[in-house]
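Sequence lines, in order, name chains A and B.
If you count by my numbering, then the first sequence holds residues 199 to 1093, one letter each, in order.
If you count by my numbering, then the second sequence holds residues 233 to 347, one letter each, in order.
Careful: at least some of the hints might be erroneous.
Simulated coverage check for chain A against chain B, where a stretch passes if three residues somewhere in it have a Cβ under 8 angstroms from a Cβ of chain B [to be verified]:
(1) 206-212
(2) 216-224
(3) 739-746
With beta-carbon atoms standing in for the labels, derived distance ranges [as the list claims (entries may be wrong)]:
(4) A:G537 - B:A327: 37 to 47 angstroms
(5) A:V996 - B:R324: 26 to 36 angstroms
(6) B:S317 - A:G442: 58 to 68 angstroms
(7) B:W300 - A:T608: 58 to 68 angstroms
(8) B:R324 - A:R572: 14 to 24 angstroms
These are calculated hints, taken from the structure and not from any lab test.
Ideal Cβ positions, reconstructed from N, Cα and C, are used throughout, including at glycine.
Listed here are the chains, written in short residue letters.
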Amino acid sequence: MSRSERELDDEVEAHLAEAVDDHVARGLSPQEARYAALRDFGGVTQVKQVHREMRSCTFMNWLDFKLGGRMLVRYPGLTVVGGLAMAFAILVGIVIFQFAALFLYPSLPLPNGDRIVQLNLHDLVENETEKRALHDFLSWRDSLRTIDNLGAWRDDIRTLIVAEGDARPAYVAEMSSSGFTAVQGQPLIGRVLTPEDEQPAAPAVAVIGYELWRTRFGSDPNVLGRTVQLGADHSTIVGVMREGFAFPVSHEMWVPLKIAGVDQAPRSGPAITIFGTLAEGETFETAQAELTTHGRRAAVEQKPTHERLEPRVVRYADMMAMNGGQDAVFMLLIYSFIGMLVVLMCGNVGLLLFARAASRESDLIVRTALGAGRGRIVAQLFAEALVLGGLAALVGLAGAALVLRNWAMTFLEINLGRLPFWWDLSLSPASIAAAIVLTVLAATVAGVIPALKITRGMSDRLKQTTAGSGGLRFGGVWTVVIVAQVAVTVVFPAIVWFENVQLGRMQDYNPGFPTDQFLAVSVERDAPVDNDGTTDAAAVEQNARMAATLGELRTRIAAQPGVAGVTFVETLPGGESPERRIEMGYDAAEAGRRNPDAAAPIRWATVVETETNYFELVDAPLLAGRGFTAADAEPGANVVIVDQAFVDNVLLGRNPIGQQLRLVRPGNPAGPSDWYSVVGLVGKLDSGVPYRKGPFAGFYLPSTPERFDNVHMLIRVRSGDPMTVAPQVREIAAGVDPSLRLVQIQRANELAAGMLWVIRLWMSITLAMSSVALLLSLAGLYAVMAFTVSRRTREIGVRVALGGSRRRIIAAIFRRPLIQMGIGVLAGIAFIAFMTFMYPSTEGPGAGQAEGLTLRAIAMQAGYAALMFGVCMLACVVPTRRALNIEPTTALRTE
Amino acid sequence: MTPDRGDVVYGSLGLLVLTTLHAIGPMHGYRLARRIEQISGNQLALNQGTLYPALLKLEQMAWVSAKWGQSDTGRRVKIYSLTRSGRKELARAEAQWQRSAGIIARFFKLSGHTA
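Model the full structure from these sequences, guided by the hints.
Below, the structure written as structure tokens:
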């Protein structure tokens, strides 16, 4: 029995008892009093029944939902279209919500994860974190009372050499042993690091992660005690962590943080990250208070270094969060965006539900006559929308789970590299709660707005008693909805088309040499432990060492039987070589001839720093002048080689040999660079950005690899798959210098694979959105047409009966959707045109050129618009046929 | 001559409840039924049970509120009281009633009957 039922029983019983008391006081016997009380009350059962019925009429009841379910079956088209639209809106909303939560409110999936903290030294003047905090770490470790397990780590990617020929980079954390206790990390076999391991004289040991153990050591149960080479050092493995352990961020190997021999002066030494756990009974506030006291003291005692430093305690998971995870405004923006998306999509569904409700107008009028208030009818239509929304939410959530599981993490990895272990994109309870909120929002927009509209003036229509004779009409809001919908339908495929153009460019991108014969390797080197305050002399020495190392690497790899040659470049083909502003030697003279005060024209070219043997290795044909010689790489040689595109786009056909050019470098206090002489011309050797319109004018600066900002190695193989030489390359690199890291080894023709994946992903997303938009437009137009026809059945019948021309009748019906569609298509095309003009390629040699707005593109757009128009017209065919087939007698009977 | 015990004018029970609650203050269902009968000089034959759907309706309109309490005899009963919007509704309904009654009275006057 329900609570309200029980309460009614109690109330009636109390009523009768009070009445019995009264009657007894007036002299009746208890039994007579009871009869009298029951008689005065009237039928108890009937009263309870009426009460019950009235209660169930309060707002919504089970029947409304049942009716909503029946409506889904009775209008399958609407169910599919409206449901899909709502599901899509909810899916997108949930995915965005999950991403936002990941960046804004991350949490550590660890026991006591919310009590693990990070301690920062914040530089108030520079507004950034001072990472050289070893001095403060040591002082805090000895004195902080509110924080336990205080430890520090520094990040390192090092070459891990497990066996001869097996040298690959590993993500290593040099970490205090307290890191394991702070997060309660347990070893699978062996042990974790201990404070003894951190002693200067302690033997070098390492703990490895589960994945590393599985992939590099073949899950060897006897791995403990094995010695591996880690960069230049050797370490003995003492433990394997359990699966999933990756503290501090995404690490797979741990070595003790030995700080005994390191510079411990204030604001000096290596960059470290300090962590700890809040002590029992302490909070962020008490910890911050203690740290602040410390900071104030340090600011006085160590004024020169600590005056503007403020120690801060933050949640550990906020390390990678945006704005420390506290930015409410940003979150509000994201929520508003999700809300807007749902409102927009469901506004369209509302249009469909309005048309459906309009077709049931007489039914609703009868309900009003029987006493249902406006609120009741609105509640009923809301319940119907809620049923549809609930179904859509299930589909949307399933879709979101699929998207998040299959693509989202890959997307993040491609964009951000290794992801912290606490990033988890599987559906959370918060997302399910968000889905519920979105569903209610969706049902409100799709159900309540049309319901309010249709019930307005219902009682007046009740008096007219002629449903379908006017009164109810599609208002301006729905017109705007349809027009916007059609416009979106026009715009989205244009976006797909642009994406496809980009994709095509990337796929067809031809750097001008046989990339399938090359292996591309990115080379990095372990940073020295304490490289702060490096002097010029030290830098020179470091450069010299690097030059020697890379030289030897080249010689030894080139000596391999399968290798045809090796060269170093600063940017890999297709790797977005930097574009620089340049000035030609003749610019000033020519400008002077036209107008003495005129500035030199702005020109752009991509600059590629290469070794002098680059052109020989990639078989670039020399069209004029000479190739590079070894002397050209010396500082002060100041020569360059340009490509054919440079001659075409910058020199406009002039003879390149002997021309002078320099880099303009605006904003650089040193002013323009020295003048360079062009000594040679190579054929097509595209160095541009693959997804932009090329070819880009490019020129090549001879240099030596140790002077590159980024060092890449191109290895040409004699035959077969270039990947086959990869193991030898790794082995040689480890042998030449264990601190060299071969970060990425790829086939040179697969360099753009990640980028291609992302573009394809975007394309699928836009395609899905276009389909939903198209579906909604068609359904919307259909609904308007069907509605119009049903409204005007009587009129059409009379016209047909009086022999009105079919053409004029059709014209009368079509006028409205035609106008709406026309405006929509025009608005869409106008938007595309606007975007094309607003965002042409603004830099580079193609500056000012409206990208994609060629005659062909315009023709395609026009063709597409016509197609859209036709498809939309199709939506009008069924209702029109229905209208024309109306029998006059039937029409006159439709009331 | 014994007075005719008439039925409650259709639709006016709610108004009677609001007026009674306004005049006397919060009370439980049985007391309310008895008060209405007494105020009418026992001229209204109220089926006391019909009071409860009326009270529910008034509650749904938020014109009265109900909470559990104790009667004079110590029983657990639901006690009803007038809300602020109930008071407003009462003022509105009273004005309307007076107007309608005035109009009808004029017609009776016209036909020579006196009330």
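Do the hints match the structure? See the list:
1. 206-212: Answer holds; 5 residues pass the 8 angstroms Cβ test.
2. 216-224: Held - the segment 216-224 of chain A has 4 residues with a Cβ nearer than 8 angstroms to chain B, which meets the minimum of three.
3. 739-746: violated (count 0)
4. A:G537 - B:A327: 37 to 47 angstroms: With a Cβ separation near 44 angstroms, A:G537 and B:A327 satisfy 37 to 47 angstroms, so the hint holds.
5. A:V996 - B:R324: 26 to 36 angstroms: Given a distance of about 47 angstroms, which is not inside 26 to 36 angstroms, the answer is violated.
6. B:S317 - A:G442: 58 to 68 angstroms: 59 angstroms, holds
7. B:W300 - A:T608: 58 to 68 angstroms: Holds, at about 60 angstroms.
8. B:R324 - A:R572: 14 to 24 angstroms: 19 angstroms, holds
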